[in-house]
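Enquirer: Read off the chains here:
Number of protein chains: 2
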Amino acid sequence: MDRILLKSPATIANLSCGYDIFGICLEQPYDVIEIQKISSKEVVINSLDSPFSNIPTKPKENTGGVPAELIISDYSLDFGFEINIKKGIPLYGGLGSSSATAAGVAFGINKLIGKKISQADTLKYALEGENITSQTPHGDNIGACMLGGLVLVKNIDPIDFIKLPIGDLYFAIIHPDVKMDTQTSRKILPKTVELSLAVKQWANVASLTFGFVSNDIELIKKSMVDHIVEPIRSKLIPGYYDIKRIALKNGAIGCNISGSGPSIYALCENKKKANNIVKAMEAPLNALSINFHSYISSINHQGIKVIQ
Amino acid sequence: MDRILLKSPATIANLSCGYDIFGICLEQPYDVIEIQKISSKEVVINSLDSPFSNIPTKPKENTGGVPAELIISDYSLDFGFEINIKKGIPLYGGLGSSSATAAGVAFGINKLIGKKISQADTLKYALEGENITSQTPHGDNIGACMLGGLVLVKNIDPIDFIKLPIGDLYFAIIHPDVKMDTQTSRKILPKTVELSLAVKQWANVASLTFGFVSNDIELIKKSMVDHIVEPIRSKLIPGYYDIKRIALKNGAIGCNISGSGPSIYALCENKKKANNIVKAMEAPLNALSINFHSYISSINHQGIKVIQ
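These protein sequence lines are chains A and B, in that order.
One point on numbering: in this note's numbering, the residue at position 230 of the first sequence is 311, and numbering is uninterrupted.
One point on numbering: in this note's numbering, the residue at position 233 of the second sequence is 314, and numbering is uninterrupted.
These are computed hints drawn from the structure, not numbers from a lab.
Careful, some of the hints might be misleading.
You can't tell identical chains apart in this list, so a pair holds if it fits in one copy or across any two.
In silico lysine-lysine, DSSO-like type, Cα no more than 27 Å apart, as pairs [as the list claims (entries may be wrong)]:
{"hint": "1", "residue 1": "Lys386", "residue 2": "Lys272"}
{"hint": "2", "residue 1": "Lys302", "residue 2": "Lys244"}
{"hint": "3", "residue 1": "Lys352", "residue 2": "Lys303"}
{"hint": "4", "residue 1": "Lys268", "residue 2": "Lys167"}
{"hint": "5", "residue 1": "Lys281", "residue 2": "Lys386"}
{"hint": "6", "residue 1": "Lys260", "residue 2": "Lys88"}
{"hint": "7", "residue 1": "Lys302", "residue 2": "Lys316"}
{"hint": "8", "residue 1": "Lys141", "residue 2": "Lys197"}
{"hint": "9", "residue 1": "Lys316", "residue 2": "Lys272"}
{"hint": "10", "residue 1": "Lys281", "residue 2": "Lys316"}
{"hint": "11", "residue 1": "Lys352", "residue 2": "Lys196"}
Chain A on its own, in the form it takes in the complex (with noise of 0.2 Å):
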């Protein structure tokens, strides 16, 4: 085998009250790459046209690279890999644009050298190119673009994500074209938190998670409550909780900010629900005049898929 192609998916990490823990997959937008084995020992990357192609190609400047590199070293690969990267993901959207890159990579790679690489390993890749970007990995996009479905990241080093059961609902997503990278985002959320809001956030993630794994829509929508990082973030949004209250007026289970923004999900419970949910998500950010692109995905259960 010496060339793969493979649809890579967005995903949203930071999931309501699940900050850093919380990760799912996404069947829209996907990134697509092909990754084909070369015989020199190095790494080229080409960004092939999109509305996102705006991506560093220097292999040690992205994500993807980073595993590249790493993979030939480590496992003294006496050839290289071209990488071809037409992003449908919107970049610094917080919906897991640098992580599609990099699990996409480590697992086309993993493929191309027969699977000598173990799952926990492959994730420990990606995370390392998600670093160039995040520098504090948290695995939630990583995992849950990796494994596929609701991905619980219970422990980083030594990595243990868990896939949590949940039912076939659908988001719909709203991705305003305004800068706000990674690292402003963590930057501007507090070192501590009140115990007793600490105390909240967990009841919810505890009564979250039963409400997935029961697939109990009442309950996932009153757990669905972010005590902690949406009163912060939500600040660096413009419309954010128009938004949000025109979400849910019209019939979301809940609404808040996918990974660390500045795009917005709502999940609804079928797919004629997130149509008209997105088109209403839209109205404040056209008042604003804002642009933006959007989306209504199923939920993508397996991750990242081979297409060739």
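Given the structure of chain A, go ahead and fit chain B onto it with the hints provided.
Expert: Chain B only, in chain A's frame:
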């Protein structure tokens, strides 16, 4: 119906990483409470002979007296109650002794007046009773005592307690006879916690929830880690880490402080293991010449039980 006799059970609050949110109901130990209608509109409390009979009998100072008086007033009853309490649960032990009285009396009186009080209101009366000892009602003892099984305190006001599924596990419990009251034990906790530590805690809360719901012993085992409360409160319990080490060495699934201490519980797979583990846990206290009570108990899925 003029008289009711019931068993009001001990409970473990703050179960592992679930500080203030997870309570679990035990079969052993328990209080026996007899409530009798009397013609005078008053509350008379008698403490029957037991090793733990040293409880206040003035209604306003007794966690059962408070709900009894409130109910008489709120429901304009033209009669009163004589309440005879035979304590089987150690006082100030961290085993929900005051909650057992509060919940038992509220539950029993509701039966005596023809179940006029909703479950939520019965819980509220019990919480009012508990208030006089803890000042900040947390609900995990009251909820577990009244509802049985494993209870998640999602919210206190308005009351939202969720019963989580749990398998037929056992507890080995040891109550060192050292004085520790709930208020002191709450005061030594910090008002704030590091966000990074809170994240670790809610990762464990999520995986412990999934572990209990799916009865996955290995997952329960690795999730029973408390980063926030145990490191602080354990200092107040002589020999705590020796007892914990011995319990785990002897096959306990997990071992932590019960409620606000000083009782220590070990979660065990079956009765035989619980028997062996509780004996092993006694050794460090014997070595320190500290008196103790020890118990083994299955999970009480029902809660308060009417005897007559």
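Enquirer: Work down the list of hints and note, for each, if the structure agrees.
Expert: Cross-check of the supplied hints:
no.: 1; hint: Lys386 / Lys272; result: neither (38 Å within a copy, 46 Å between copies)
no.: 2; hint: Lys302 / Lys244; result: both (21 Å within a copy, 17 Å between copies)
no.: 3; hint: Lys352 / Lys303; result: within (21 Å within a copy, 37 Å between copies)
no.: 4; hint: Lys268 / Lys167; result: neither (30 Å within a copy, 56 Å between copies)
no.: 5; hint: Lys281 / Lys386; result: neither (38 Å within a copy, 31 Å between copies)
no.: 6; hint: Lys260 / Lys88; result: within (25 Å within a copy, 62 Å between copies)
no.: 7; hint: Lys302 / Lys316; result: within (23 Å within a copy, 40 Å between copies)
no.: 8; hint: Lys141 / Lys197; result: within (23 Å within a copy, 70 Å between copies)
no.: 9; hint: Lys316 / Lys272; result: both (18 Å within a copy, 25 Å between copies)
no.: 10; hint: Lys281 / Lys316; result: both (22 Å within a copy, 26 Å between copies)
no.: 11; hint: Lys352 / Lys196; result: neither (36 Å within a copy, 45 Å between copies)
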